[in-house]
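Trainee: Hints given; two lone chains; assemble the complex.
Listed below are the residues making up each chain.
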Amino acid sequence: MTSIIRIERLVKEYGSITAIDCLDLTVTEGEIFGFLGPNGAGKTTTCRILTTLTKPTSGRAFISGYDVVDDPVKAKGGMGIVPQYLNVDGELTAYENLKLHGMLYGMDRGTRNRRIKKLLDFVELTDRASSLVSIFSGGMKRRLMIARALLHEPKVLFLDECTVGLDAQTRRRIWGLIRRINQEGATVFLTTHYIEEAEVLCHRVGIIDYGKLIAVDTPKRLLNQTGDFVVETLDNDGGQVRFFQDREDAAQFAASSDRDVTMRKSNLEDVFIRLTGRRVSE
Amino acid sequence: MGAYAVFWREMVILKRRFLRVLGLYTVSPLLFLIAFGWGMGRSLNVEGVGYMTFMVPGLIALSSMSQSFSIAMDINIARFYWMTFEEFQSAPVSSLSIVLGEVLSGMVKGMLAAIMIFVLALCFGAELRVNGGFFLFICLNTLMFASAAVITSMVVKSHADQASFNGFFILPMSFLCGTFFPLSRLPEWAYFTAKVLPLTHASACIRAAALGRDVPLVSLGIMVFYSVLFFSGAVICVKKASI
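As you go down the protein sequences, you meet chains A and B in turn. Numbering-wise (our numbering), the first sequence opens with residue 1 and increments by one. Numbering-wise (our numbering), the second sequence opens with residue 1 and increments by one.
Same shape as in the complex, but just chain B (with noise of 0.2 angstroms):
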């Protein structure tokens, strides 16, 4: 009940903005569409398929991530702003309640985020194929992020804090985790970097499952340790934030 409540919170909010939050999701990859599918890469074959196609699985990816992570910078306004997040800390409810409801929002808006490029890619001529993997996927990519924005809201001790973060983290990994271009493009340093990055396993697993190819095991294994890690993390953390 108490996941469920902190859930229910998060979405009558996002009822409330839902055209505003509609509107958010589909602005930034229309542009990274018009951009990098119409404008750079009309005419350009990566690994096999028109550009458009390799890349609208990575913006899903990037744009999956954001938003399930931006629940990172509501928190964090919860907590030091408004106060309110003390409601649920006050509340007779356990932390992994309280993560599992917000966890389930940021999957909630990382998902919606996904299926709106979806539907703009569709509408671009991206040829892609929708199956369980492709969701499972995008699923857990949100899992990841949700539950680390849980982490940093934690962590963090300020908004401006939460913003560094951001520039230090969250946008490095946007365009360097094989989500706009393949990861053999890149100096051997940052191969490995961004091998051990989540966003690169994701985009890998994401973009395998919408070209029908096979879907690499072990970044889905890295996927899942990620995801148990950074949800563990989060419970601890809120625990930790609170008595």
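This is chain A alone, in the form it adopts within the complex (with noise of 0.2 angstroms):
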């Protein structure tokens, strides 16, 4: 497999605070990679960077092959960006916000009437083209940030912190909205502190805390590294969880606990405890 996102070495200092310390990873043609950790973990500033908003401190990042410090213009031509804020400009129509995204990257008038046609289709925004996007939902304005990244058609999308604040239903609808625009093609690079939106939707998941990559692999393979099973203990101290590969195990566990208890399946959440001993939201 062709890797469309490389990092070697990454370091983003500011002043004293190392943001991101001496990362390395390859995202591969085709998947939906997912970025995980806390608030404050690294993972907008290494998005930032990849995307050429931020300059790093050393090390290097490409993207399909285009160093994104000595070569930004030629990295950012295949790549998408949807920001964690809202930022589509509320003083345009969607239909001008796209129009005025197609000319930057250089489309030619007939290709982008075309893909504005069909990209405000899909994210179901046909009805509302016309409409100045200030009056706008925060999740219709995400949608439409969605098909902004998309209508030049780039080979790599990145996703920051996309469904933040977003209500279930409308999160659910993006993720759909993320599914169709890998089939399709693109790779997905997929920052979040969601964890039921890291397994749901990447095929690989990296693990990051205090800037530091301390796990790849894909969801599956995670949590078969820590156990498949939880059971939590609950005390006054807040409680403490222990793993079992076994079901059994697991069962005998908390039916041999004298205190409250509770058995599960784990999750990427899990991982991060065993990683780390602290919870992604903390």
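In case anyone wonders, no lab produced these hints; they're calculated from the structure. Predicted model only: the values in this text are computed from it and were never measured. Ideal Cβ placement from N, Cα and C applies to all residues, glycine included. Among the hints, erroneous ones may be present.
Keeping only pairs whose Cα atoms sit at most 25 angstroms apart, straight-line, the calculated DMTMM-like set for lysine to aspartate or glutamate is [as the list claims (entries may be wrong)]: (1) K74(A) / E86(B); (2) K265(A) / D209(A); (3) K155(A) / E86(B); (4) K240(B) / D71(A); (5) K239(B) / E8(A); (6) K240(B) / E8(A); (7) K155(A) / E184(A); (8) K15(B) / D108(A); (9) K239(B) / D67(A); (10) K157(B) / E91(A); (11) K240(B) / E86(B); (12) K265(A) / D246(A); (13) K220(A) / E199(A).
Selected chain A positions facing chain B (in silico; Cβ < 8 angstroms) [stated by the list, open to error]: (14) L53; (15) K76; (16) G77; (17) Y85; (18) N87; (19) G90; (20) E91; (21) L92; (22) G106.
Mentor: Dropping the structure here:
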């Protein structure tokens, strides 16, 4: 498989704070890669470096073979970006936002109009094409941002916490869009601190904490390494978590405990707890 | 194409706000024309012409500066509040294209403000000549200040900083750069300070062209120098603000 994102010994420092600490990572064409970690772990900083919006302190990053620092214009040509904040232009209509994007990416008028029509339909905003974006809801703006990022048919799509602040229904709708985008051939690099999002969508997940990549694998393998079952014991100190490979072992432990316990299938939050001793949400 | 896209976005917004913008460009100069032109200066003669005729070129220089520089606040808001400027920064367009698009939009706004004053001034009885030089100098003035606007919008870190910059630099220039009275009336230290400032030379050139006098070539040279300096600085600042 061909790598579409390659990160080599990437470091980003803000004064004495190290936001990214010697990160090495490769994302292959066609996968949905999830970058999972708590707030402040370095996910967005990594995303901003990859999308040429922030300069790294050292190390290198390549998109489709182009160095993001030395060759930013070429690197940007093959990527679509959906940042975590809503940055569609409220003073333009939905159609104008997409038209502006197409012009910035040098698309000819015919292709641009055809893609705008298709993508407005894809994100179910065709009937709002002529409305000013300032009156859109958060979910509508997010969908428009996804359409905008896809307009120039990027090889890789960066989604930075793209479902933050959305209700469960809109989030699931966006997950559906992401799957379809991937099925149509785009590689997706997704940062999230939502466990379910990473589990449901990603072919591979990288777990990042304090700027360090502490694990990379498929969700299934990460869960296997941790143990498929979890028994949580509740006590006054907040509780303890024990991991088990077999259901029977977990059930036996739960039955033998004299305290309140919960037994369940493990998830990526448990992987994070095993690796760091903390929760992603902490 | 990148520069045109940036320019197109600004023009779509300008078109949408056109009547409001025209009103904005009219009210403040109108007050100056009434208060200074009619109220204070009706019977005054300055440098051999009536005060209204003397003042209007200065007012044109001032207003075209203010409106072309006003893009600084728009870019500032687009960078720090709406985050929409990132759409330009993350697109495969050069810093030069972004600056070119933004500066052209600032020039259009400045030129529009100048035209509004010119029309108003004719109604107020100012005797002005329209020639190529007159429009060329207004263009250079708007180029200088639209470029300076891009620089400040990239350098400042907040809306408050932007407002402070306007208060410390743009406002004093508005009154001290030969816009409302001849520089010769200033004390020596203020005279030499004003001579360094770009608006002084814009006022001098625009006034000379509007009154049919010889254009001060030194001032023209200084305007060209500032235009090149600010535009190059703007490209560097946008590049630094991106990767």
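Trainee: Against each hint, give a clear statement of whether it holds in the structure.
Mentor: Checked hints:
1. K74(A) / E86(B): Between K74(A) and E86(B) the Cα gap is close to 17 angstroms, so the pair holds against 25 angstroms.
2. K265(A) / D209(A): holds (23 angstroms)
3. K155(A) / E86(B): With Cα atoms ~20 angstroms apart, K155(A) and E86(B) stay inside 25 angstroms; holds.
4. K240(B) / D71(A): holds (15 angstroms)
5. K239(B) / E8(A): Distance of about 24 angstroms is within 25 angstroms: holds.
6. K240(B) / E8(A): holds (23 angstroms)
7. K155(A) / E184(A): holds (10 angstroms)
8. K15(B) / D108(A): holds (24 angstroms)
9. K239(B) / D67(A): Holds, at about 16 angstroms.
10. K157(B) / E91(A): holds (23 angstroms)
11. K240(B) / E86(B): Given that 25 angstroms is the threshold and the Cα spacing comes to 13 angstroms, the pair holds.
12. K265(A) / D246(A): holds (10 angstroms)
13. K220(A) / E199(A): The given pair, whose Cα atoms are some 9 angstroms apart, holds under the 25 angstroms limit.
14. L53: Holds: closest Cβ of chain B sits about 6 angstroms from L53(A), inside 8 angstroms.
15. K76: holds (4 angstroms)
16. G77: Since the shortest Cβ distance to chain B is 4 angstroms, the answer is holds.
17. Y85: holds (5 angstroms)
18. N87: holds (4 angstroms)
19. G90: It holds, given that the least Cβ distance between G90(A) and chain B is near 7 angstroms, below 8 angstroms.
20. E91: E91(A) check passes; min Cβ-Cβ to chain B is 5 angstroms, inside 8 angstroms.
21. L92: This hint holds: L92(A) lies near chain B, its Cβ roughly 6 angstroms from the closest one there, short of 8 angstroms.
22. G106: Interface hint status for G106(A): holds (5 angstroms vs cutoff 8 angstroms).
The structure meets every hint from the earlier list without exception.
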